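Asks: Now for the letters of each chain:
Protein chains: 2
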Amino acid sequence: MYFMFSNRISDVPKSFIREILKVSADPSIISFAGGLPNRDLFPVENIKDATNKVFDIVGPDVLQYSNSEGYKGLREQIAKRYKSFYGIDVSTKNILITNGSQQGLDLLGKIFLNEGDSVAIEEPGYLGAIQAFGVYKANFLPVTVSEGGMDVEELKSVLQNNEPKMIYTVPNFQNPSGITYTNENRKDVAEVLKGSGVYLIEDNPYAELRFSGSNKKSFMEFLPEHTILLGTVSKTIVPSFRLGWIVAPDIVMEKLLVAKQAADLHTNYFCQRIVDQFLIDYSLDEHIEKIKKMYLSKKQNMVNAIKKYFPEEIEFTDPEGGMFLWVTLPKGISSMDLFDMAIKKNVAFVPGDPFYTNKTGVNTFRLNYTNSDADTIDKGIKILSECIRDIL
Amino acid sequence: MYFMFSNRISDVPKSFIREILKVSADPSIISFAGGLPNRDLFPVENIKDATNKVFDIVGPDVLQYSNSEGYKGLREQIAKRYKSFYGIDVSTKNILITNGSQQGLDLLGKIFLNEGDSVAIEEPGYLGAIQAFGVYKANFLPVTVSEGGMDVEELKSVLQNNEPKMIYTVPNFQNPSGITYTNENRKDVAEVLKGSGVYLIEDNPYAELRFSGSNKKSFMEFLPEHTILLGTVSKTIVPSFRLGWIVAPDIVMEKLLVAKQAADLHTNYFCQRIVDQFLIDYSLDEHIEKIKKMYLSKKQNMVNAIKKYFPEEIEFTDPEGGMFLWVTLPKGISSMDLFDMAIKKNVAFVPGDPFYTNKTGVNTFRLNYTNSDADTIDKGIKILSECIRDIL
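Protein chains in written order, with this note's numbering: chain A, 1 to 392; chain B, 1001 to 1392.
The set of hints was computed from the structure by calculation and includes no laboratory data. All values reported here derive from a predicted model rather than from experimental measurement. Any given hint might turn out to be false.
Stated by the list, open to error - Ranges between beta-carbon positions, derived for each pair:
1. A:Phe85 - B:Lys1382: 50 to 60 Å
2. B:Asp1285 - A:Pro60: 12 to 22 Å
3. B:Asn1052 - A:Ser214: 34 to 44 Å
Said to hold, decoys possible - The calculated lysine to any residue pairs, modelled on SDA-like cross-linking and capped at a C-alpha distance of 25 Å, are:
4. B:Lys1290 - B:Asn1304
5. A:Lys53 - B:Asn1052
6. A:Lys255 - B:Asn1358
7. B:Lys1379 - B:Ser1334
8. B:Lys1292 - A:Gly59
No residue lacks a Cβ here, since even glycine has one placed at the ideal position from N, Cα and C.
I would like the entire structure built from these sequences, with the hints used as guidance.
Replies: Here's what the structure looks like:
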């Protein structure tokens, strides 16, 4: 008797980050590891009111099966938001509601990737995308991102040697690094992609959480036929509802719909109606203002603590929004070794390794600042600085 | 410039059944096509109460990200139900909550199927499974089911010629045919599979909707190491929440978890808590009694109308539960041709073709009886009988 798994799942290692999150769930650990929105900011009372209103307005049908595309009212509101936030025209028919934006990544992997097909991806890049495309046995082509955006010369050279199906980007307050592409960088990246057969994925969970500086343009402006947008309410309204979406051209939408139906028929209709009602009855802008105020203050706490405690040679990003900052140790120092030291002193973070598609022992790591209070941030960064001094 | 899709999605045709459902959404159409639970039976007030209680008890955390496995309290209740309904022991750790049981099928396809791997499947078989495994380019090995269950000799011959990764079954009130495997048939099927490397998928959305006769055994009793169970609350409590689950052995669960995380991180936590609270506060048995009473009456309406109007030579199943019955026309008559005639007279059903993995123009079709009232059933069956007489 033997049971055999598919190639696509056999080589996938146990997720290191899940192991870290398990360790850091221990309440005695100071955790900068996770990427959780702060629970104190969830609009619980408003969501509760919206829920009861939905029961009253929609009645039993809110519990019935629904369509694969998603609730039209919600999709219309999403389209309006793209117009007001980015000034771009997105048609309701090109929006597919997904079970979190992670499902968007899975569906894109499913409809585009044959085994060994290439995906260009930011380095460091978002772990969830590496996992989703990795399951479809993607060949990753990393392109360096650093302050200001993607390395355009590297991108050119990657495209010269290989025709990737997609290029994956988080251009605003990137996970893991917190960096944002400048408008000029976006334009340059778009210039390189023009005329190619490469879809650009603009994964954009954090753009609305901007504390300072000015909003940047969507790639949709520069590359309308090539751009696929991913969005979510998880960072701005509620994570547990698992509501995300994909915006894609007609030809892609048709394939996505087939894949969505085979994957899970449709996304939770009840919660789509609740979020729609919440957006009708309350001001999303006012709600986001509260989040931005708190996250800015926490980010400043962390930056101040880093400046106070870390040795001077340690580099770090000071993001204008989002949930993470990124630390770079001197060359040759492994953040994985640092993690082993720090966790013994009850401080957790995510070492850089899982955000690189084929590097290990890197000298970078990710810190989350949204989910700890000021004192904890100060205390944790202090302990971390001691570990860094020990390892230097 | 060219964009290319993956092989797995390029050949998937537009879903015929979705087209039918679009047509039959027209209110002037009498539709026996869909598979919708009856909306009048949704426990709206109880779900509303459970929802408000969850807000009060759990607070903001009910809106936070959660774990990939699913809410432990709900998984414990599911395990208890397996014990009380089937008398089988299912460990909470072997239950993964999914976005509907359709996602269970997708995850199983993902972790088991390389392109061209074989899947044995009931013929006729559930369309959602054909779609989910079809996307992973499964090679389907059909095994005939008819009154009483699966053709065991055919199964033996299929296994002799080919080693499928899985065999997919809906042993209770099958979709599309409404048939149920006898206990003897289950035992015989299990005997054939013993010692093989084939996982048996027991997809079981309807077992609790039994109007008459006695509950049958789970394959888990006969084949504990080989059996993977799929379950859902969509047919018994609420479809729009998209809550299903997979029960699988440890070794499979480990791979499913990796795949689940890459697919969508986790299933809607808010709705998991609501269903858990509903199950704590209200009697599921009492609720299901109401469903059974109504569905039995509707099934009898349909059976009576068929007996009254259809020509005598037409065969049909008279299921002891579930939502569908299955009609067999004389050999050589195409139910697809019948569909074209019936839809012109504003009556819709699902022709058999999509439920067969490589046959067309078959002489069978599916009727749903749960979603029309008695008069509509009588009227629709009468019109259908006229079409049948015309085509004979």
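Asks: Now look at each hint and say whether the structure bears it out.
Replies: Status of the hints after comparison with the structure:
1. A:Phe85 - B:Lys1382: 50 to 60 Å: Since phenylalanine 85 (chain A) and lysine 1382 (chain B) have Cβ atoms about 56 Å apart, the given range 50 to 60 Å holds.
2. B:Asp1285 - A:Pro60: 12 to 22 Å: Given range 12 to 22 Å: holds, Cβ gap about 21 Å.
3. B:Asn1052 - A:Ser214: 34 to 44 Å: holds, 42 Å
4. B:Lys1290 - B:Asn1304: holds, 21 Å
5. A:Lys53 - B:Asn1052: holds, 12 Å
6. A:Lys255 - B:Asn1358: Answer holds: lysine 255 (chain A) to asparagine 1358 (chain B) is near 22 Å, not above 25 Å.
7. B:Lys1379 - B:Ser1334: With Cα atoms ~23 Å apart, lysine 1379 (chain B) and serine 1334 (chain B) stay inside 25 Å; holds.
8. B:Lys1292 - A:Gly59: Holds, at about 22 Å.
The structure shown violates none of the earlier numbered hints.
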